[in-house]
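Build the full structure now, drawing on both the sequences and the hints.
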Amino acid sequence: MSEFEGKRLVKGNFAASYAARAANVQVVTAFPITPQTLVVEKISELVDSGKMNCEFVRMESEHSVMAGLIGASYAGARTFSATSGQGLLYMAEPVHWAAGTRLPIVMTIASRGIAPPWNIWADFSDIVTQRDSGWLMALLSGHQEIYDSVLMAYKISENPDVMLPYMLAYGGFILSHTSKPIHMPKQSLIDEFLPKIPKLGWDHVFLDPDRPIMHGNLIMPNTTPGYQEFRMKIQLAQLKAKPIIREVAKEFKETFGRDYGNGMVQEYKCKDAEFIMINCGILAKQMENVVDFMRSLGHKVGMLRLRTYRPFPTEDIIDAVKHAKIIGVVDRATAFGSPTGGPISSETMAALHNDPQTKDLRVIPFINGIGGRDVVTQQQKRQFEILMECYDKGELVKNEELMSTTYWTGAMGVK
Amino acid sequence: MTANLEKDFTEVTFHGRGGQGAITASNLLCAFAFEEGYNDVLDIPKIGAERRGAPIQAFSKLSKEKEIKDFCAIKSADYTLVFDFTLLDIPSVATSLKGTVIINAPDFVDLDCIAHVKAIWLVDATNIAINNNLMISGYPILNTLMLGAYAKVTGQYTLETMKKVLNQRFGSRGEQNYIAAKEAFESVKKVRG
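Residue numbers (numbering that gives the first Met the number 0), protein chains in the order written: chain A, 0 to 414; chain B, 0 to 192.
Keep in mind the hints are simulated off the structure, nothing from the lab. Mixed in with the good hints there might be a few duds.
Straight-line Cα separation of at most 27 Å, DSSO-like style, residue types lysine-lysine; simulated pairs [what the hints assert, rightly or not]:
1. K65/B / K185/A
2. K249/A / K270/A
3. K321/A / K358/A
4. K185/A / K163/B
5. K50/A / K65/B
6. K68/B / K252/A
7. K50/A / K63/B
8. K268/A / K63/B
9. K65/B / K299/A
10. K68/B / K270/A
Here are the computed distance ranges between Cβ atoms for each label pair [what the hints assert, rightly or not]:
11. G154/B / H95/A: 38 to 46 Å
12. K249/A / M134/B: 39 to 47 Å
13. E2/A / R172/B: 13 to 21 Å
14. G409/A / A114/B: 27 to 35 Å
15. K321/A / K74/B: 36 to 44 Å
16. K321/A / N38/B: 45 to 53 Å
17. R172/B / L199/A: 44 to 52 Å
To give an idea of the interface, some chain B residues facing chain A are shown, with a C-beta separation under 10 Å as derived from the structure [said to hold, decoys possible]:
18. S25
19. E34
20. D39
21. P44
22. K45
23. F70
Ideal Cβ positions, reconstructed from N, Cα and C, are used throughout, including at glycine.
This is how it looks when you write it as structure tokens:
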């Protein structure tokens, strides 16, 4: 058996590298940044030792990393890179370009807090800055899921109805630098699962003298179809991606036996739950233990893991929580100045409000683990207790973690 | 993990100094347990911006059956490996120790500051490393030795398993590491508990 198949102990970052290899990526551009660096280092090592067949280009900055991927993807190559935190911010301009020009680039993000002060630990605030760029986004909660999601991402991104780039985010250090056993499937199964890369390149951009097209031009505001229609098409592709993500998750389960809910969200004991917490990333995985414990005490609690962040799983959330008495939403990111201070809680409130089944459902926002601050199961248990107390009292429970209407778990109050 | 949430795996904490190999040790421990047939293992290096010589911590969680979902730092370890006995001078390190503690130290070290722990084992890993030429840039590398001692104390994996993994991992230096680890396995001794 090759070293790339079977059950192996790997770091989260290496799971991303091995998956890129398994997906037969053709071009990788790279620039180091903690905590992502190991992803591209491993790929460099694999290419150097002849174990991976791709073009590996060292760039002088993250901006160039994305520019390089855009060039390679224009030419029809399957492309991959990785970045984190400040690197993603520096990359921002071509990040938007990649989505605007509809290239199926896949990039893993070992998420970290945004400076200042300097921070390199788990915090999804980095990808939140690119939330509305048009990229598809997933928040991952395990080593195996990193590997599997890279494979699924190519299948979703390269679907002609989608053709959008994909960002796969996982917590820096807490997943990037920890090791766990993962199962790597047979290459033949993976090859069968993944789409074929079109010989001529992606349908909408390939260059051919017999089919003259223009790239990246200036279009006057009132040209039709023009800029506004191109933007509408990105939103349309995001909406069309929802059933495709669900379909690919289903097919993945049938082929490889691993379950990621419906691809958009993953329920944990939600069916009969009265109190449901929406969570994401590794803290969602950890919260499964807390749900089990709370259930052993007789509380009807459940947890809904938000797996896909873009497109936002509006219908999936409504469907999973409509029967609950009250729900909590836990963010590991900040959205300053938003209604709650947390990106997912603000957006969940907006999503529920427009549906008659959930318009009266109370949402309690929590923010925790900012900049990698430890969140222990005891604190997650307390989050459920606060949720239940808020329901019983019909109002927010006052404590030192409550600032305005949001509970900042594990924080000292600020004046 | 907390007192009222059930715990069903072994938790191990590593205290060392940057450059001694404690972070690699937490990873190797997982590799040994995994090779030995443990279903799920997890190593958590507490890294960020480490410096050579500065106190560092790493954690391993080993589960025979159930999936490890708990990723938080270990507060109450079953086993603790202390790579440098001078770390016991740091009150927060000494008072945090619980369960069984394995210390790299000569016989004469003063252990009164950790009289509260369940059991104490000593191994003179620094000297074994020097005698076996397990050195990088003049520093003794202690990870495989401490794990040799751990194998003896816990019985969680065999010397054969160590040998296999070390040879896979370190190629030509695997055997050298194994010989030193075996020496630590044979010489670690219980001094309290």
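Evaluated hints:
1. A distance of roughly 25 Å separates the Cα atoms of K65/B and K185/A; the hinted pair therefore holds under the 27 Å criterion.
2. Between K249/A and K270/A, the direct Cα distance comes to roughly 20 Å. Compliance with the 27 Å bound is thereby established for this hinted pair.
3. Note on K321/A and K358/A: the hinted pairing holds, with a Cα-Cα distance of about 9 Å set against a maximum of 27 Å.
4. Simply put, K185/A and K163/B have alpha-carbon atoms about 24 Å apart, close enough for the 27 Å limit, and the pair holds.
5. The suggested pairing of K50/A with K65/B is violated, with an alpha-carbon distance near 34 Å, which exceeds 27 Å.
6. For the given pair, K68/B sits about 21 Å from K252/A by alpha-carbon distance, which is consistent with the 27 Å threshold.
7. The hinted pair formed by K50/A and K63/B fails the criterion: a straight-line CA distance of about 33 Å is larger than 27 Å.
8. Of the pairs offered as hints, the one joining K268/A and K63/B holds, with about 25 Å between alpha carbons and a cut-off of 27 Å not exceeded.
9. Distance check on the hinted pair: K65/B and K299/A sit about 23 Å apart at the alpha-carbon level, within 27 Å; holds.
10. Note on K68/B and K270/A: the hinted pairing holds, with a Cα-Cα distance of about 21 Å set against a maximum of 27 Å.
11. Between G154/B and H95/A the C-beta distance comes to about 57 Å, which lies outside the given range of 38 to 46 Å.
12. With their beta carbons about 55 Å apart, K249/A and M134/B fall outside the hinted range of 39 to 47 Å.
13. At roughly 19 Å, the beta carbons of E2/A and R172/B sit within the given window of 13 to 21 Å.
14. Checked against the hint of 27 to 35 Å, the C-beta distance between G409/A and A114/B comes to roughly 32 Å, which is consistent with it.
15. Restraint check, K321/A to K74/B: a C-beta distance of roughly 38 Å satisfies the suggested window 36 to 44 Å.
16. For the pair K321/A and N38/B, the beta carbons lie near 37 Å from each other, so the given range of 45 to 53 Å is not met.
17. Look at R172/B against L199/A: about 50 Å separates their beta carbons, and that is inside 44 to 52 Å.
18. Annotation: S25/B was flagged as interfacial toward chain A, and the flag holds, the nearest CB pair being 9 Å apart, inside 10 Å.
19. Annotation: E34/B was flagged as interfacial toward chain A, and the flag holds, the nearest CB pair being 9 Å apart, inside 10 Å.
20. The beta carbon of D39/B is positioned within 10 Å of a beta carbon in chain A (closest approach about 6 Å), and the interface hint is therefore held.
21. Taken as an interface hint, P44/B checks out: its beta carbon lies about 6 Å from the nearest beta carbon of chain A, inside 10 Å.
22. Residue-level restraint check for K45/B holds (minimum Cβ-Cβ distance to chain A is 8 Å; threshold 10 Å).
23. Given hint, F70/B at the interface with chain A, holds; its Cβ is 5 Å from that chain's nearest Cβ, closer than 10 Å.
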